[in-house]
Amino acid sequence: MENINTEEIKSLIQKWKGKDGNLVMILHEIQNRYGYVPRPVSLEVSKETGIPLARIYEVITFYNYFELCPPAKHTISVCMGTACYLKGAPELLEEIETLLHVQEGQSTEDGQFHVNVVRCLGCCGLAPVVSIDGKIFGKVKKSEIMEILSRYTHEENNVKV
Amino acid sequence: MTKVVQAQINGILIRVPEGTTILEAAKQVQIKIPVLCKHPDLPPEASCGICIVRIKGTNKMLRACCTPVENGMEIITHDPEIIEIRRTVIELILSNHPNDCLKCQRNNDCELQRLTADFGIHSESFPTFLRDIPKDYSTNAIDLDPVKCILCGRCVHVCQNQQNVWALSFLERGMQTRISPAGDIQLADSPCVRCGQCAAHCPTGAIVEKDDTGIVWNALQNKEKYCVVQMAPAVRASIGETFGQIGVNYTKKLYALLRRLGFKAVFDTSFGADITIMEEASEFEERLLKQTRPLPLITSCCPSWVDFMEKFHTDMIENFSSCKSPHEIIGVLSKTYYAEKFKIDPSKIFMVSIMPCTSKKYEIQRSSEMFASGFQDIDAVLCTRELGRMIKQAGIDFENLPEEQADSILGEYSGAGVIFGSTGGVMEAALRTAHYLITGRELEHVEFESVRGLERVKETEVEIDGMKIRVAIAHGLSSVEYVLEKIRQAKLNNTEIPYHLVEVMACPGGCVGGGGQPYMVTDELRVKRAKALYSDDKDKEIRFSHQNPYIKRLYEEYLGKPLGEKSERLLHTTYVPQPLYRK
Amino acid sequence: MSKFNKDTIIAIHNQETAEQPDYISVGMSACGIAAGAQEVYDVFAKQIKSRNFTIKLRKCGCAGMCYAEPLVEVKANGMPVVTYGRVTEEIAQLILEKHVANSILVNDCVVNIR
Amino acid sequence: MVKRIVLIKDTAATGPDTTRDFYNRFLDGIREHKLLDEIMVVRAADLGYYGHGLVVKIMPNNIVYHNVQNTDIERIIKSTIEKNQILDDLILNEKPKQIKVALRNCGLIDPENINDYIAHDGYKALSNVLLEFTPEKVIDELKKSGLRGRGGAGYPTWMKWKACRASRSNPKYIICNADEGDPGAYMDRSILEGDPYSIIEGMMIAAYAVGASKGYFYIRAEYPLAVQRIDEALTKCREVGLLGENILDSKFSFDIDIRLGAGAFVCGEETALMASIEGKRGTPHPRPPYPTGSGLWGQPTVINNVETLANVPYILCYGGDNFAKIGTNSSKGTKVFAVTGKIKNSGLVEVPMGIPLKEIIYDICGGTISGKDVKAVQTGGPSGGVIPNKNLDVLVDYDNLQKMGSIMGSGGMIVMDTDDCMVDIAKFYLGFCVEESCGKCAPCRIGGFQILQILNRITEGKGKIEDLATLKRIAVSMQKASLCGLGQNAPNPVVSTLNYFEEEYKEHIINKRCRAGKCVALLTYTIIQEKCKKCALCFTNCPVKAISGNRETGYKIDQSLCTKCGKCKEVCKFKAVSKE
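Residue numbers (this note's numbering), protein chains in the order written: chain A, 610 to 770; chain B, 4 to 586; chain C, 24 to 137; chain D, 77 to 656.
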């Protein structure tokens with residue numbers, strides 16, 4: 610894990626200090642910065658804000674959005690909204706799982722990809738959709754998965770996407 | 004004036020103050036609506052869904068525990084559909100609960116088991132699905148088995164709000180929801196202060212006191228051991244509840260019982276309390292008159308409070324009385340003074356404390372000072388509930404036992420010693436003796452009404468020799484913040500101290516409401532238990548610790564004087580800041 | 024900027040409704056962008072600049088026709104307002120060359136006209 | 077100079093060439109009449125009409141002819157184009173099915189430009205309200221409009237506002253519920269991204285009406301663009317004094333903050349949403365007390381959905397009476413639906429309340445994408461139910477949908493065709509609810525889980541007929557004993573599919589058959605010997621070697637080995653593998 614810079618955490622918290630109900634927003638800031646919420650950071654947040662660590666963990670683990678483990682390099686989110694589900698999202702997920710040898714919710718051994726399922730990205734018109742690192746691919750066919758993934762497996766191609 | 008609302012329950016007209024819940028109101032018409040998550044002592048969590056009732060004219064069913072009666076409501080508390088739904092919900096809960104009641108510490112004393120029996124559930128409607136969560140035995144005081152947890156939320160509420168400790172919390176959501184310290188660490192690595200309020204409020208066997216009865220039975224069987232025992236003030240007022248007797252003082256039957264269980268000597272922690280008062284009152288006198296160390300002096304006989312202070316309020320360490328808690332004092336004296344006097348090898352002595360408290364189980368290994376006799380001063384702690392089980396295991400007809408006396412040397416207590424078991428009791432006992440120490444005169448009126456009762460923070464002024472002594476009493480750890488903040492502000496602004504003497508007990512009501520006491524405590528019950536102690540005090544000929552002839556003898560024969568060298572070595576301890584989280 | 028009052032709002036309203044400039048409007052909500060609206064927008068931006076078109080390029084939200092994203096609405100040369108659907112970078116070129124430059128609608132792309 | 081534009085589109089889906097052919101003939105006609113300079117003929121991709129055969133739309137006159145034949149070309153040119161005469165037998169006199177109120181600016185204005193919003197009557201309502209209306213009058217206007225909450229439950233908006241206004245405690249809060257969690261619905265996202273200022277204006281009017289001084293947007297974090305657009309709009313508003321002290325020189329002061337959701341569907345529930353804004357777990361609380369009396373931080377709070385708030389400026393600008401003219405007696409105004417699933421044109425539609433469901437599905441959205449029959453339409457998302465094909469003529473409003481055993485919900489409308497399995501759909505929604513249950517209350521947490529287990533068993537062919545009764549029993553206990561709407565409504569998809577499609581459940585249980593071919597465990601792949609050309613493609617591609625045989629004898633699938641992966645069917649070039 611990278612070093613936790615207390616000054617940086619303080620400045621992230623500072624933005625929200627004194628505002629009511631700031632915990633979720635502070636956690637968003639932290640997750641944006643680190644990609645997850647490391648325990649030492651949570652302890653620091655607790656110290657800075659006076660919010661008990663137990664409350665912080667209650668919140669982190671309640672909301673799907675927050676992660677307690679470092680993220681993989683690329684996050685693949687398969688949309689399982691109703692429209693996508695009906696239009697074959699389960700098959701896409703299966704294909705991704707087969708190609709990457711992972712289960713949903715897991716990361717590949719090399720730390721390149723994390724595969725998860727999300728509930729509706731709000732692009733139902735393009736169903737089924739898959740999002741990789743926030744970029745949305747619409748009307749995805751099972752046969753296109755391989756090609757889409759290969760764009761991310763080679764470092765030099767990342768820039769293009 | 005509160006408004007009164009009028010409604011009907013099962014066709015019977017009721018009038019209740021506005022805001023009364025349907026659950027409460029139903030009692031007026033002799034209806035006890037079944038409920039699992041609601042504890043009479045706590046605000047409604049509304050998590051179980053069993054207490055639903057029908058409101059005529061609506062399609063919905065509402066939860067009786069949290070729905071206030073409204074004018075004109077027509078409430079039906081049971082009909083075939085309601086009962087069927089309640090049964091289904093109970094069955095659903097059972098499908099997520101290990102149904103190994105026979106092997107559960109709460110067997111026969113479990114709220115879920117009782118409801119299951121009431122609803123005549125004899126078979127499994129839904130396949131059982133158990134969560135895979137490890138047990139947590141880390142604290143040596145409280146055992147946590149999250150698999151048995153039905154997520155009623157009582158423990159979390161108590162830990163977070165009533166106690167302000169925030170050791171327990173909910174993690175995850177949906178079927179993954181579980182109780183755990185922050186991020187699946189163990190309780191011992193969390194801020195847990197082992198007060199056991201979670202266990203006392205748990206409806207099932209998910210959180211229980213660590214069961215040490217086996218250790219004690221073994222020691223009693225062991226010919227090598229010389230088993231001695233002491234019991235705390237609060238135990239005598241609550242053990243009767245095991246047999247349906249409320250607010251009865253069972254001191255003398257308990258002495259008899261403990262002997263029948265096989266203890267060679269029976270001591271009373273109330274005597275230890277008398278010693279605590281001698282030391283603490285002297286410490287107070289010294290701080291007040293000689294300004295040796297800062298005021299206010301804060302009491303330290305509650306180990307959860309001590310733990311809480313070492314974790315959350317380290318700036319108060321200098322204000323803490325260094326005096327050990329009464330049972331530790333009895334412990335160390337039993338393996339020194341008593342052993343010497345009766346020529347018993349202290350290494351053979353097995354000292355058991357019967358306590359209303361789970362925290363005492365942790366306290367006996369808290370620091371090296373708990374080994375002041377050269378041995379672990381206390382070998383085992385049983386809480387009231389465990390003693391209740393031992394009585395049943397031994398098959399003793401407790402209520403018909405003859406009355407006996409404690410062993411006089413560490414057993415004869417004053418009225419001041421026994422009120423330690425209630426909030427305000429330590430304060431009252433200390434004031435009685437402090438008055439004497441400061442003025443050289445005895446009090447005429449020994450009872451301090453203003454420090455009694457269940458108000459969460461009690462602040463009052465007592466005049467001693469023209470001096471106005473300001474005192475504060477807090478119980479329930481969340482109440483203490485107000486008092487400490489006042490002290491802190493005064494320190495910060497260099498203004499006059501708000502208090503001279505502060506008493507804190509971790510559990511609401513003090514030890515009578517302890518985490519190891521019989522289940523289903525309410526304020527009503529706390530008052531009744533405390534009353535039993537206060538009447539014990541009233542009946543006592545000697546009501547001042549310093550007048551207790553055995554105390555005098557102890558100091559003359561052995562300790563010397565309060566705060567003397569030997570007293571300091573055996574009866575006092577030190578405090579160090581502890582990390583909130585060890586992980 | 025100074026603080027708005029009622030008069031400012033009326034003034035802005037009048038001024039904005041008085042001007043009726045020609046425009047190309049690209050639907051840029053999340054679904055549009057996912058379908059490639061950003062690339063289409065970039066084509067317009069680049070071409071308008073390099074070829075000195077006077078037409079205004081703007082963004083708008085989702086018109087609801089998600090099946091036809093990316094959507095481009097064109098008002099030009101006094102013609103009715105035309106909405107093109109499933110616009111690719113190539114079609115964007117065609118829209119500029121035909122519709123904007125020569126007042127000829129692009130075949131097989133119109134999804135609405137008003 | 078071009079005077080007219082003629083658009084041509086075959087809406088009958090008879091074949092790709094029809095439009096082109098007709099276009100060429102029409103062009104020839106124009107050429108013959110020497111009108112090439114005046115008339116522009118265009119092939120359209122879509123004209124918004126379905127099942128009308130060849131459609132010809134003439135602009136700018138906005139004349140629409142349908143079911144046009146090749147033989148009509150001549151007279152269209154002669155009468156309509158040359159003489160402006162309308163051909164009565166061809167004219168399609170259809171009023172527009174859609175009425176855009178909440179979506180009035182979406183796709184029209186530049187969401188990043190406040191002036192563009194003002195050009196479209198933005199802030200007209202607010203300036204009227206602040207300078208001329210008492211708060212009571214605003215609430216009155218809302219009452220006249222009959223606007224009901226668009227988030228799902230349909231509670232009259234004016235009653236919420238009035239209750240909050242009546243609460244004496246201060247401060248008060250306005251919350252915009254933009255935690256659109258219903259999978260398959262995205263109306264709110266579209267408005268947030270396409271018309272942020274109208275929601276802000278709606279919140280301000282609400283705040284003025286109830287006496288609130290502070291507002292919160294609670295937006296899903298999964299909608300980064302929406303968050304960005306709202307954030308920019310708020311900044312702009314503050315810059316020009318449309319948020320802050322003494323707005324538009326009135327005595328009204330108000331500001332709005334954004335709070336992000338973090339992936340919890342239950343936070344769409346009012347009390348859970350407030351807990352989340354307070355920085356806690358999003359677990360619901362019992363009501364009463366209602367938020368209008370004791371809400372955010374115990375203060376009176378109004379929580380309105382995005383679409384509701386987008387309607388508010390319209391009502392105050394053009395009058396509650398005008399709004400109330402749209403819709404039915406009990407459900408006024410319009411409703412935005414996100415029509416998705418097996419629909420030809422998936423997208424957002426905004427229709428007047430009371431429109432037949434059929435018209436939405438067929439006339440506006442063009443029917444199913446496959447051309448197969450609609451099996452059912454699911455409304456209300458995980459809290460809703462299905463409306464079977466036979467009931468498609470239901471008039472869509474709050475009460476009718478409820479009577480059908482579904483709900484209006486936030487506006488998700490999922491179209492399913494005969495390839496969709498109703499047990500599988502119920503399982504999908506239950507899975508969603510089980511995952512999204514906050515876990516606080518037992519009926520929802522465990523009840524949902526047990527229902528899901530039963531549905532899993534049924535779709536795996538391990539169901540028992542008693543399971544149906546058990547499903548109903550658990551469903552009732554969840555509906556009646558759950559604390560919040562999520563749990564109370566979670567069994568709805570099961571109850572309603574059981575209600576309309578019980579025979580499908582029974583087929584799964586008794587015949588071990590899934591007629592839609594969705595439930596993998598119940599599928600049987602067989603090789604149709606008559607069609608099989610013995611090419612061995614299936615044999616070589618089967619990953620589990622469940623296919624045996626040779627080029628002489630042909631091939632067979634060993635059912636005990638088959639994992640139903642479907643590879644054989646996929647690779648077969650002769651459609652010789654059947655799946656049932």
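Wrong hints could be hidden among the right ones.
[Claimed, not checked] Using C-beta positions, here's what the derived DEER-type ranges look like:
(1) C/Asn75 <-> D/Lys159: 39 to 47 Å
(2) A/Lys751 <-> D/Glu606: 50 to 58 Å
(3) D/Thr546 <-> B/Asp135: 37 to 45 Å
(4) D/Tyr366 <-> A/Lys626: 43 to 51 Å
(5) B/Asp187 <-> D/Glu536: 45 to 53 Å
(6) B/Lys138 <-> D/Glu536: 31 to 39 Å
(7) B/Pro137 <-> D/Ser406: 14 to 22 Å
(8) D/Gln478 <-> B/Phe132: 29 to 37 Å
(9) D/Ser326 <-> B/Phe132: 56 to 64 Å
(10) D/Ser406 <-> A/Ser759: 29 to 37 Å
[To be verified] Derived pair list, reagent style DSSO-like, types lysine-lysine, alpha-carbon separation capped at 30 Å:
(11) D/Lys540 <-> D/Lys356
(12) C/Lys26 <-> D/Lys356
(13) D/Lys632 <-> C/Lys79
(14) D/Lys548 <-> B/Lys59
(15) A/Lys751 <-> D/Lys290
(16) A/Lys626 <-> D/Lys632
(17) B/Lys6 <-> A/Lys626
(18) D/Lys356 <-> B/Lys138
(19) C/Lys98 <-> D/Lys290
(20) B/Lys138 <-> B/Lys255
(21) D/Lys173 <-> C/Lys69
(22) C/Lys26 <-> D/Lys540
(23) B/Lys228 <-> B/Lys351
(24) B/Lys6 <-> D/Lys327
(25) A/Lys619 <-> D/Lys356
(26) C/Lys26 <-> D/Lys632
(27) A/Lys748 <-> D/Lys312
(28) D/Lys643 <-> B/Lys489
(29) D/Lys171 <-> C/Lys98
(30) D/Lys588 <-> D/Lys632
(31) A/Lys628 <-> A/Lys682
(32) D/Lys312 <-> C/Lys98
(33) D/Lys327 <-> C/Lys29
(34) D/Lys173 <-> D/Lys219
(35) C/Lys82 <-> D/Lys356
(36) B/Lys494 <-> B/Lys293
(37) A/Lys750 <-> D/Lys655
If you're looking for bench data, these hints aren't it; they were derived computationally from the structure. In this text, all values refer to a predicted model and were calculated from it rather than measured experimentally. The C-beta atom is built at its ideal place from N, Cα and C for all residues, glycine as well.
Verification of the hints:
Remark: the range hint 39 to 47 Å for asparagine 75 of chain C to lysine 159 of chain D is upheld by a beta-carbon distance near 42 Å. One distance hint, 50 to 58 Å for the beta-carbon pair lysine 751 of chain A and glutamate 606 of chain D, is violated here, with the actual separation near 29 Å. For the hinted restraint 37 to 45 Å between threonine 546 of chain D and aspartate 135 of chain B, the CB-CB distance of approximately 25 Å leaves it violated. Taken as a hint, the range 43 to 51 Å is violated for the pair tyrosine 366 of chain D and lysine 626 of chain A, whose Cβ atoms sit roughly 32 Å apart.
The hinted window of 45 to 53 Å between aspartate 187 of chain B and glutamate 536 of chain D is violated, with their beta carbons roughly 33 Å apart. For the pair lysine 138 of chain B and glutamate 536 of chain D, the beta carbons lie near 33 Å from each other, so the given range of 31 to 39 Å is met. A C-beta distance of roughly 55 Å is found between proline 137 of chain B and serine 406 of chain D, which places it outside the suggested range of 14 to 22 Å. About 33 Å separates the C-beta atoms of glutamine 478 of chain D and phenylalanine 132 of chain B, a value consistent with the hinted range of 29 to 37 Å.
A hinted range of 56 to 64 Å for the beta carbons of serine 326 of chain D and phenylalanine 132 of chain B is consistent with their spacing of about 59 Å. Evaluation of the 29 to 37 Å hint for serine 406 of chain D and serine 759 of chain A yields a failure: the beta carbon distance comes to about 55 Å. Our distance criterion of 30 Å between C-alpha atoms is broken by lysine 540 of chain D and lysine 356 of chain D, whose separation comes to about 42 Å. For a cut-off of 30 Å, the pair hint linking lysine 26 of chain C to lysine 356 of chain D is broken: about 37 Å separates their Cα positions.
At most 30 Å may separate the alpha-carbon atoms for a hinted pair to count; lysine 632 of chain D and lysine 79 of chain C exceed this at roughly 66 Å. For the suggested pair lysine 548 of chain D and lysine 59 of chain B, the alpha carbons sit about 23 Å apart, so the restraint of at most 30 Å is met. Of the supplied pair hints, the one linking lysine 751 of chain A and lysine 290 of chain D is violated, its CA atoms being roughly 48 Å apart against a limit of 30 Å. About 70 Å separates the Cα atoms of lysine 626 of chain A and lysine 632 of chain D, which puts this hinted pair outside 30 Å; it is violated.
Distance hint between lysine 6 of chain B and lysine 626 of chain A is unfulfilled; the C-alpha atoms sit about 42 Å from each other, more than 30 Å. Distance restraint check for lysine 356 of chain D and lysine 138 of chain B: the Cα-Cα separation of roughly 26 Å lies within the 30 Å cut-off, and the hinted pair is therefore satisfied. Restraint check: the Cα-Cα separation between lysine 98 of chain C and lysine 290 of chain D comes to about 40 Å, which exceeds 30 Å; the hinted pair is violated. Taken as a hint, the lysine 138 of chain B and lysine 255 of chain B pair is broken in the structure, with Cα atoms around 39 Å apart against an allowance of 30 Å.
Restraint check: the Cα-Cα separation between lysine 173 of chain D and lysine 69 of chain C comes to about 38 Å, which exceeds 30 Å; the hinted pair is violated. At roughly 70 Å between alpha-carbon atoms, lysine 26 of chain C and lysine 540 of chain D are farther apart than 30 Å, so this suggested pair is violated. This hinted pair checks out: lysine 228 of chain B and lysine 351 of chain B have alpha carbons roughly 5 Å apart, not beyond 30 Å. At most 30 Å may separate the alpha-carbon atoms for a hinted pair to count; lysine 6 of chain B and lysine 327 of chain D exceed this at roughly 37 Å.
Note on lysine 619 of chain A and lysine 356 of chain D: the hinted pairing holds, with a Cα-Cα distance of about 21 Å set against a maximum of 30 Å. Note on lysine 26 of chain C and lysine 632 of chain D: the hinted pairing is violated, with a Cα-Cα distance of about 80 Å set against a maximum of 30 Å. Proposed proximity of lysine 748 of chain A and lysine 312 of chain D is contradicted: the alpha carbons are some 36 Å apart, above 30 Å. Distance hint between lysine 643 of chain D and lysine 489 of chain B is unfulfilled; the C-alpha atoms sit about 75 Å from each other, more than 30 Å.
Of the supplied pair hints, the one linking lysine 171 of chain D and lysine 98 of chain C holds, its CA atoms being roughly 24 Å apart against a limit of 30 Å. Distance hint between lysine 588 of chain D and lysine 632 of chain D is fulfilled; the C-alpha atoms sit about 21 Å from each other, no more than 30 Å. Between lysine 628 of chain A and lysine 682 of chain A the alpha-carbon distance is near 33 Å, which puts this suggested pair outside the 30 Å criterion. For the hint pairing lysine 312 of chain D with lysine 98 of chain C, the CA-to-CA distance comes to about 27 Å; that is within 30 Å, so the pair holds.
With a C-alpha separation of about 14 Å, the suggested pair lysine 327 of chain D and lysine 29 of chain C falls inside the 30 Å cut-off, and the hint holds. Using a Cα cut-off of 30 Å, the hinted pair lysine 173 of chain D and lysine 219 of chain D holds, with the two alpha carbons roughly 26 Å apart. Straight-line distance between C-alpha atoms of lysine 82 of chain C and lysine 356 of chain D comes to about 37 Å, which puts the hinted pair past the 30 Å bound. Of the pairs offered as hints, the one joining lysine 494 of chain B and lysine 293 of chain B holds, with about 19 Å between alpha carbons and a cut-off of 30 Å not exceeded.
For the suggested pair lysine 750 of chain A and lysine 655 of chain D, the alpha carbons sit about 21 Å apart, so the restraint of at most 30 Å is met.
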